[in-house]
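K.L.:
Chain residues, written in single-letter form:
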Amino acid sequence: MKNGKTIVIGVIGSDCHAVGNKIIDHVLTQQGFNVINVGVISPQEDFINAAVETDADAIIISSLYGHGELDCQGFKEKCDEAGLQDVKLYVGGNIVVGKQDWNTVEARFKDMGFDRVYKPGTPIELTAEDIKKDLGMIPA
Amino acid sequence: MNAYLLIDFGSTYTKLTAVDIENEEILATAKDITTIEDDIMTGFKKAYEKLKLCIEEKNIKFDEINFIKKIACSSAAGGLKMYAIGLVPELTADAAKKAALGAGARVMKTYSYELNHSEIEEIKNSNADILLLAGGTDGGNKKCIIHNAKLIAEIKIEIPVLLAGNKSANDEIIEIFEEADIDYIVTENVMPKLNKINEKPTREAIRKIFMTKIVEAKGMKNAENFISGILMPTPAAVLKAAEVLALGSDDEDGLGNLMVVDIGGATTDIHSLAEGDPSNAGVIPKGLEEPFAKRTVEGDLGMRYSALSLLEAAGTKKIRRYLHDDHKEIDVKAHCNHRHENIMMVPQTPEEIFFDEAMAGAGTEIAMVRHCGWLESVFTPMGVMYYQHGKDLLDVKYVIGTGGVLVHSKNPRNILKAGEFNKEQPVHLLPRSPNYLIDSTYILSAMGLLAGEKPDMAVRIMKKYLEKVN
Numbered sequence: 001m002k003n004g005k006t007i008v009i010g011v012i013g014s015d016c017h018a019v020g021n022k023i024i025d026h027v028l029t030q031q032g033f034n035v036i037n038v039g040v041i042s043p044q045e046d047f048i049n050a051a052v053e054t055d056a057d058a059i060i061i062s063s064l065y066g067h068g069e070l071d072c073q074g075f076k077e078k079c080d081e082a083g084l085q086d087v088k089l090y091v092g093g094n095i096v097v098g099k100q101d102w103n104t105v106e107a108r109f110k111d112m113g114f115d116r117v118y119k120p121g122t123p124i125e126l127t128a129e130d131i132k133k134d135l136g137m138i139p140a
Numbered sequence: 001m002n003a004y005l006l007i008d009f010g011s012t013y014t015k016l017t018a019v020d021i022e023n024e025e026i027l028a029t030a031k032d033i034t035t036i037e038d039d040i041m042t043g044f045k046k047a048y049e050k051l052k053l054c055i056e057e058k059n060i061k062f063d064e065i066n067f068i069k070k071i072a073c074s075s076a077a078g079g080l081k082m083y084a085i086g087l088v089p090e091l092t093a094d095a096a097k098k099a100a101l102g103a104g105a106r107v108m109k110t111y112s113y114e115l116n117h118s119e120i121e122e123i124k125n126s127n128a129d130i131l132l133l134a135g136g137t138d139g140g141n142k143k144c145i146i147h148n149a150k151l152i153a154e155i156k157i158e159i160p161v162l163l164a165g166n167k168s169a170n171d172e173i174i175e176i177f178e179e180a181d182i183d184y185i186v187t188e189n190v191m192p193k194l195n196k197i198n199e200k201p202t203r204e205a206i207r208k209i210f211m212t213k214i215v216e217a218k219g220m221k222n223a224e225n226f227i228s229g230i231l232m233p234t235p236a237a238v239l240k241a242a243e244v245l246a247l248g249s250d251d252e253d254g255l256g257n258l259m260v261v262d263i264g265g266a267t268t269d270i271h272s273l274a275e276g277d278p279s280n281a282g283v284i285p286k287g288l289e290e291p292f293a294k295r296t297v298e299g300d301l302g303m304r305y306s307a308l309s310l311l312e313a314a315g316t317k318k319i320r321r322y323l324h325d326d327h328k329e330i331d332v333k334a335h336c337n338h339r340h341e342n343i344m345m346v347p348q349t350p351e352e353i354f355f356d357e358a359m360a361g362a363g364t365e366i367a368m369v370r371h372c373g374w375l376e377s378v379f380t381p382m383g384v385m386y387y388q389h390g391k392d393l394l395d396v397k398y399v400i401g402t403g404g405v406l407v408h409s410k411n412p413r414n415i416l417k418a419g420e421f422n423k424e425q426p427v428h429l430l431p432r433s434p435n436y437l438i439d440s441t442y443i444l445s446a447m448g449l450l451a452g453e454k455p456d457m458a459v460r461i462m463k464k465y466l467e468k469v470n
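Protein chains in written order, with full-length UniProt numbering: chain Y, 1 to 140; chain G, 1 to 470.
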């Protein structure tokens with residue numbers, strides 16, 4: 001059953017890890033989301049263009065190779081430019097270089113404009129629950 | 001004898017092809033200048049008389065020929081001019097442009113995002129024949145296309161509008177158009193899913209509008225009384241011929257992936273009939289999916305009208321390379337200028353022919369590079385990977401040349417080879433070692449028309465009449 005919400009997913013930057021992306025696609029589709037998968041090695045523009053054409057409700061950015069922080073810089077600003085102020089932004093995976101204190105990492109990404117930031121190993125089901133809350137599909 | 005009469009009302013010449021459908025042979029071909037100002041039938045009749053003479057020369061009685069069908073394509077009176085509107089430039093706007101090109105149109109301009117008043121004024125004051133309105137995937141963005149539809153209604157555009165956008169917005173747009181009395185047709189979304197182009201319904205709808213409205217508007221109604229119908233724009237007929245030749249028909253095998261290079265006086269058209277998926281491992285396709293039957297038009301690359309823009313695009317250095325003029329003895333600019341000012345010029349001397357062929361070589365190289373896909377390297381933790389933009393045409397088996405300069409050349413292969421894969425620039429995915437064929441009897445557009453009626457026969461005739469060059 002479709003739930004009427006559209007989510008753009010993909011792996012950002014020069015990162016070609018495809019397996020996690022497939023799992024995210026599978027689980028979210030099963031939960032009724034209309035999933036728009038821009039695939040791996042995707043520049044910021046691909047996420048944004050896809051969200052504009054499909055009128056997406058949320059964007060989930062994945063990254064596994066440690067350079068996520070660099071790849072995500074300026075993303076929120078570009079979304080604002082493209083008229084996507086209301087689109088919820090999520091990011092998760094190995095998004096920073098090495099082992100860093102999670103609380104500061106989370107704070108940095110929130111400063112960059114992401115609504116929610118996920119640790120390595122977070123199950124996508126948890127993110128799906130958050131999305132449903134954030135989009136008003138279930139009570140927060 | 002039963003025969004088909006296939007007519008191409010070209011921008012310069014009206015070309016006739018008579019096909020003996022019992023023996024599957026071209027009886028004769030003839031041409032005369034297209035007369036669009038007073039009556040298109042004047043030029044047609046002259047060509048028809050020539051055709052009659054040609055047939056009688058073969059000791060066939062013209063009166064005994066029964067033309068069971070007379071069908072035509074046309075690029076007369078400026079061809080089919082279109083404007084395309086989409087949302088994101090790289091997505092729906094590009095998909096709309098690709099579909100319109102595949103329908104044989106000249107895409108004058110592509111617009112994206114919400115139009116502003118000056119843009120809509122520009123469209124209104126243009127001499128476009130069709131306005132293609134797209135934007136949003138199915139279920140996706142509605143706001144932009146509705147905004148654009150409102151502007152179209154507000155300004156009361158008189159040209160036919162083809163709506164091929166987000167289906168969820170259609171009801172609202174139809175209401176807007178009905179109220180403003182806009183002449184419109186609705187078809188399937190040109191990009192129903194992200195990056196998936198769905199060009200066929202748009203192509204077919206454009207063809208319908210062309211047949212019912214544009215042919216009449218361009219003063220070709222007189223022709224319609226004599227012939228069974230003007231079915232499509234000429235470039236669409238060429239693409240159709242190439243498509244059926246590549247894929248084959250029910251009863252006849254095709255040649256497989258192929259390309260057509262059509263060098264004209266004003267433009268150079270390139271057609272490719274191939275999926276264009278990456279042929280090497282480690283290559284990731286990027287961007288909008290490409291249509292199997294793809295046509296690109298290079299408006300700045302032509303032998304006469306566009307001789308100066310060809311010079312600008314190529315630069316003297318490139319043209320000199322094809323002239324083998326290491327000592328800079330030839331005044332390249334003067335030669336191009338001469339051709340630009342004398343658009344009816346037919347090369348006579350060996351020098352003139354040689355120069356034309358050098359221009360054609362440079363034009364082919366540029367047009368092929370623009371049409372074919374290319375690779376971009378990206379550095380990843382797994383090593384270097386490649387993005388593929390556009391089609392991989394390395395393994396195309398046949399390249400077919402058409403257009404005056406190729407057909408009349410003694411060495412058409414030399415011209416076409418300019419568009420081959422070049423080891424020095426391996427990022428361009430051009431055909432590696434194709435076979436070359438020449439449309440020496442100018443039958444491609446006619447066979448595109450015939451393919452609509454008798455595809456098996458069209459394939460067989462093309463196989464018979466396209467000439468292999470070595």
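Incorrect hints may appear among the rest.
Pairs of lysine-lysine residues, derived as DSSO-like cross-links and limited to a Cα-Cα distance of at most 30 Å, are as follows [claimed, not checked]:
| # | chain 1 | residue 1 | chain 2 | residue 2 |
| --- | --- | --- | --- | --- |
| 1 | G | K31 | Y | K119 |
| 2 | G | K142 | Y | K132 |
| 3 | G | K193 | Y | K133 |
| 4 | Y | K88 | G | K81 |
| 5 | Y | K78 | G | K150 |
| 6 | Y | K76 | G | K196 |
| 7 | Y | K132 | G | K193 |
| 8 | G | K193 | Y | K5 |
| 9 | G | K167 | Y | K22 |
| 10 | Y | K2 | G | K143 |
| 11 | G | K45 | Y | K78 |
| 12 | G | K196 | Y | K2 |
| 13 | Y | K5 | G | K143 |
| 14 | Y | K22 | G | K150 |
| 15 | Y | K5 | G | K142 |
| 16 | Y | K133 | G | K150 |
| 17 | G | K318 | Y | K2 |
| 18 | G | K142 | Y | K2 |
| 19 | G | K200 | Y | K78 |
| 20 | Y | K76 | G | K200 |
| 21 | G | K318 | Y | K88 |
| 22 | G | K167 | Y | K133 |
| 23 | Y | K132 | G | K143 |
To be clear about the criterion: a stretch of chain G counts as covered by chain Y if any three or more of its residues have a C-beta under 8 Å from a C-beta of chain Y, and this derived list gives those stretches [unchecked claim]:
| # | segment |
| --- | --- |
| 24 | 380-391 |
| 25 | 449-455 |
To be clear, the hints were calculated from the coordinates, so they are not data collected in a lab. All C-beta atoms in this analysis are idealised placements derived from N, C-alpha and C, irrespective of residue type, glycine included.
K.L.:
Confirm or reject each hint.
P.N.:
Verification of the hints:
Straight-line distance between C-alpha atoms of G:K31 and Y:K119 comes to about 73 Å, which puts the hinted pair past the 30 Å bound. A threshold of 30 Å between alpha carbons decides the hint, and for G:K142 with Y:K132 the separation of about 23 Å falls inside it, so the pair holds. This hinted pair checks out: G:K193 and Y:K133 have alpha carbons roughly 27 Å apart, not beyond 30 Å. Pair hint Y:K88 plus G:K81 does not hold up; C-alpha atoms about 42 Å apart against a cutoff of 30 Å.
With a C-alpha separation of about 28 Å, the suggested pair Y:K78 and G:K150 falls inside the 30 Å cut-off, and the hint holds. For the suggested pair Y:K76 and G:K196, the alpha carbons sit about 27 Å apart, so the restraint of at most 30 Å is met. The suggested pairing of Y:K132 with G:K193 holds, with an alpha-carbon distance near 23 Å, which does not exceed 30 Å. Note on G:K193 and Y:K5: the hinted pairing holds, with a Cα-Cα distance of about 15 Å set against a maximum of 30 Å.
Distance hint between G:K167 and Y:K22 is fulfilled; the C-alpha atoms sit about 28 Å from each other, no more than 30 Å. At roughly 22 Å between alpha-carbon atoms, Y:K2 and G:K143 fall within 30 Å of each other, so this suggested pair holds. Between G:K45 and Y:K78 the CA atoms are separated by roughly 61 Å; this puts the pair beyond 30 Å, and the hint is violated. Between the alpha carbons of G:K196 and Y:K2 the distance comes to roughly 21 Å, so the proposed pair stays at or under 30 Å and holds.
A distance of roughly 17 Å separates the Cα atoms of Y:K5 and G:K143; the hinted pair therefore holds under the 30 Å criterion. In summary, the hint linking Y:K22 to G:K150 is not supported, as the alpha carbons are separated by about 40 Å, beyond the 30 Å threshold. Distance hint between Y:K5 and G:K142 is fulfilled; the C-alpha atoms sit about 15 Å from each other, no more than 30 Å. Note on Y:K133 and G:K150: the hinted pairing is violated, with a Cα-Cα distance of about 35 Å set against a maximum of 30 Å.
Our distance criterion of 30 Å between C-alpha atoms is broken by G:K318 and Y:K2, whose separation comes to about 57 Å. Restraint check for G:K142 and Y:K2: the C-alpha separation of about 19 Å stays at or below 30 Å, so the hint holds. Among the hinted pairs, G:K200 with Y:K78 is inconsistent with the structure: their alpha-carbon atoms are about 34 Å apart, more than 30 Å. A hinted pair counts as satisfied when its Cα atoms are at most 30 Å apart, and Y:K76 with G:K200 does not qualify at roughly 37 Å.
Among the hinted pairs, G:K318 with Y:K88 is inconsistent with the structure: their alpha-carbon atoms are about 51 Å apart, more than 30 Å. Taking the CA atoms of G:K167 and Y:K133, the gap is near 29 Å; set against the 30 Å cutoff, the hint holds. For the hint linking Y:K132 to G:K143, the alpha-carbon distance of about 24 Å falls within 30 Å, and the restraint holds. Look at the segment 380-391 of chain G against chain Y: 5 of its residues bring a Cβ nearer than 8 Å to a Cβ of that chain, three or more, so the hint holds.
Three residues within the 8 Å Cβ limit are the bar, and the segment 449-455 of chain G against chain Y gives 0, so the coverage statement is violated.
Against the hints set out earlier in the document, violations occur for numbers 1, 4, 11, 14, 16, 17, 19, 20, 21, 25.
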